[in-house]
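One-letter residues, chain by chain:
Protein chains: 2
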Amino acid sequence: MKVGLDIGGTKTDVVAVDDLGRITARMRVATGWGPDAVTATVIEAVRALAAQAGLTASAIRSVGIGIPGQVEPGTTRVVHAVNLGVDELDLAEAVGPALGVPVHVENDVKAAAVGAYALHGGSGSMGYLNLGTGIAAGIVSDGVLWRGARGTAGEVGHISVDPAGPLCRCGQRGCIEALGGGGSIAQRWGRDAALPVLDVFDAADAGVALAMELRSGLARAVAAAVRVLVLTADVDVVVLGGGVTALGDRLMGDVAGELAASAETSSFMRSLRLEERVELLPAGSPAAALGAALIGASRDPEEALAHG
Amino acid sequence: MKVGLDIGGTKTDVVAVDDLGRITARMRVATGWGPDAVTATVIEAVRALAAQAGLTASAIRSVGIGIPGQVEPGTTRVVHAVNLGVDELDLAEAVGPALGVPVHVENDVKAAAVGAYALHGGSGSMGYLNLGTGIAAGIVSDGVLWRGARGTAGEVGHISVDPAGPLCRCGQRGCIEALGGGGSIAQRWGRDAALPVLDVFDAADAGVALAMELRSGLARAVAAAVRVLVLTADVDVVVLGGGVTALGDRLMGDVAGELAASAETSSFMRSLRLEERVELLPAGSPAAALGAALIGASRDPEEALAHG
Chain A
1 MKVGLDIGGT KTDVVAVDDL GRITARMRVA TGWGPDAVTA TVIEAVRALA
51 AQAGLTASAI RSVGIGIPGQ VEPGTTRVVH AVNLGVDELD LAEAVGPALG
101 VPVHVENDVK AAAVGAYALH GGSGSMGYLN LGTGIAAGIV SDGVLWRGAR
151 GTAGEVGHIS VDPAGPLCRC GQRGCIEALG GGGSIAQRWG RDAALPVLDV
201 FDAADAGVAL AMELRSGLAR AVAAAVRVLV LTADVDVVVL GGGVTALGDR
251 LMGDVAGELA ASAETSSFMR SLRLEERVEL LPAGSPAAAL GAALIGASRD
301 PEEALAHG
Chain B
1 MKVGLDIGGT KTDVVAVDDL GRITARMRVA TGWGPDAVTA TVIEAVRALA
51 AQAGLTASAI RSVGIGIPGQ VEPGTTRVVH AVNLGVDELD LAEAVGPALG
101 VPVHVENDVK AAAVGAYALH GGSGSMGYLN LGTGIAAGIV SDGVLWRGAR
151 GTAGEVGHIS VDPAGPLCRC GQRGCIEALG GGGSIAQRWG RDAALPVLDV
201 FDAADAGVAL AMELRSGLAR AVAAAVRVLV LTADVDVVVL GGGVTALGDR
251 LMGDVAGELA ASAETSSFMR SLRLEERVEL LPAGSPAAAL GAALIGASRD
301 PEEALAHG
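Order-wise, the sequence lines are chains A and B. For the first sequence, my numbering gives the first residue as 1, with consecutive numbering after it. For the second sequence, my numbering gives the first residue as 1, with consecutive numbering after it.
Since the hints were made in silico from the structure, they are not lab data.
From the derived model, a few chain B residues whose C-beta atoms are all more than 10 Å from chain A:
(1) D36
(2) A57
(3) A211
(4) T245
Distance ranges between label pairs, derived from CB positions:
(5) A:R61 / B:G124: 27 to 35 Å
(6) B:Q70 / A:A260: 19 to 27 Å
(7) A:L167 / B:E276: 20 to 28 Å
Computed footprint of chain A on chain B, listed as stretches where at least three residues anywhere in the stretch have a Cβ under 8 Å from a Cβ of chain A:
(8) 151 to 157
(9) 160 to 171
(10) 227 to 234
(11) 263 to 273
All C-beta atoms, glycine included, are put in the ideal place defined by N, C-alpha and C.
Okay, chain A solo, but in the shape it has when bound (with noise of 0.2 Å):
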């Protein structure tokens, strides 16, 4: 049995994975905050999915971690990791002696990619693009996690599309993260919302003009995301996951007809059927977790799907 593990800055998902990659357990703890109490949850998470699933120690054969920060090429060490507090930590050396068996640790948004690509029948290439107060993507071809060479594969969400756009916390302008980025959007908007985001769409339904700006550049960040990714590594499916997309369908219509606009003043957009290579990820996937026990069951993670 392999055990991933998702960190979310308020949550943990934990899941077990058997054999067959397929979800046997799964459950939510609290995140604690700063290097210590991130430890402890991990260690905790990973107990209590065993008390619950019925696990022995010995059953547990690798942990796999996704957390947003960067995590170091070829290493456990995950710095920036800021909705944790989290500056600097090797993962591994911290929760491995409690733990006692082989743990990785990847960026969240690279195993929700991988984990999509699971979910999603593990086969030909997918860009997964992550909507949440930032915007990322992973990029998996033929069950491999695409890397790159230091650490910003993936890093769509500050390419900048619009040179008089707002202004990004990268310093640039018009990223596609200051035009769609959960962050940008709620702090544009100013309106002290739970949910930003939806607050937004609602307003725009209404026709509020601040939040039908705002609204259409979420859909205008997608889909240059979508078309990044399509014109770039060239994946056959784009899944849109990350907690933006908890707005399901009013997302989606607002992608799709993006997309189809720029398809009808472009026969080469046109010719790429864009709109049908863009899916949601379902609701409530536990993508991340699957994916980071999907990755630290290879010893070599570039390989986590390959073999299972």
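Given chain A, work out where chain B should sit, using these hints.
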């Protein structure tokens, strides 16, 4: 010995490559117009090279052809090679009987990417950005050419980076190719010149406003393509090739300036050190012919470089 050809709109380069991947002979012939003449060009070029290099027919074990058109994935059929007057042609079928060896056909930019990668040392990952009439890229990582799912891998030229930018021949606005493609620049410049982009650079130096705007658009386009390649595929290095790179240091200076400007406003961009990761393909390098030879020599083109 493997032979590679790069069929250009007016000239065809042909090289002989030994088992160590070294170019041992090369020559250039005129390219014919239309399917029959292109077929004859390939056969004549291989025969002429063999005669010049003293190669017997049996010494040639494979022929690879790079061609400016779409090559249907997994086939040797070329479609839409408009600059050659070829609408559709199975080139391997056409030249195979006369040459009597296995023939592979590849899009010329992808072939050039493989050749540029070999010339660069053959390790790590590279984006090869071709700046010609149009703009397109090829991505090679760990010796493997990224082919993608449907033939649009590396088509970064049709990513729009400015909704208020010039109209692209593809129907979109502000595509990288609309800003920086030699064809688009020549059309917007409108002055009759043998080398329109060179003419634009000279006129920009003389302070002509339109020329300055077009020249700056070229630098913006190249910088945008570099960012797309690094932020999507995370290639280690981007090598610029194609006709427009005959401008050499004048072009590189502009591109470096554009990358430096974005590094100044964005610490994220600064951290990528893009200006150190962009290089010019050495002038006169027969990258596409070499790449075609390497691809042609492999029964599995995906592993052309891995197995020499």
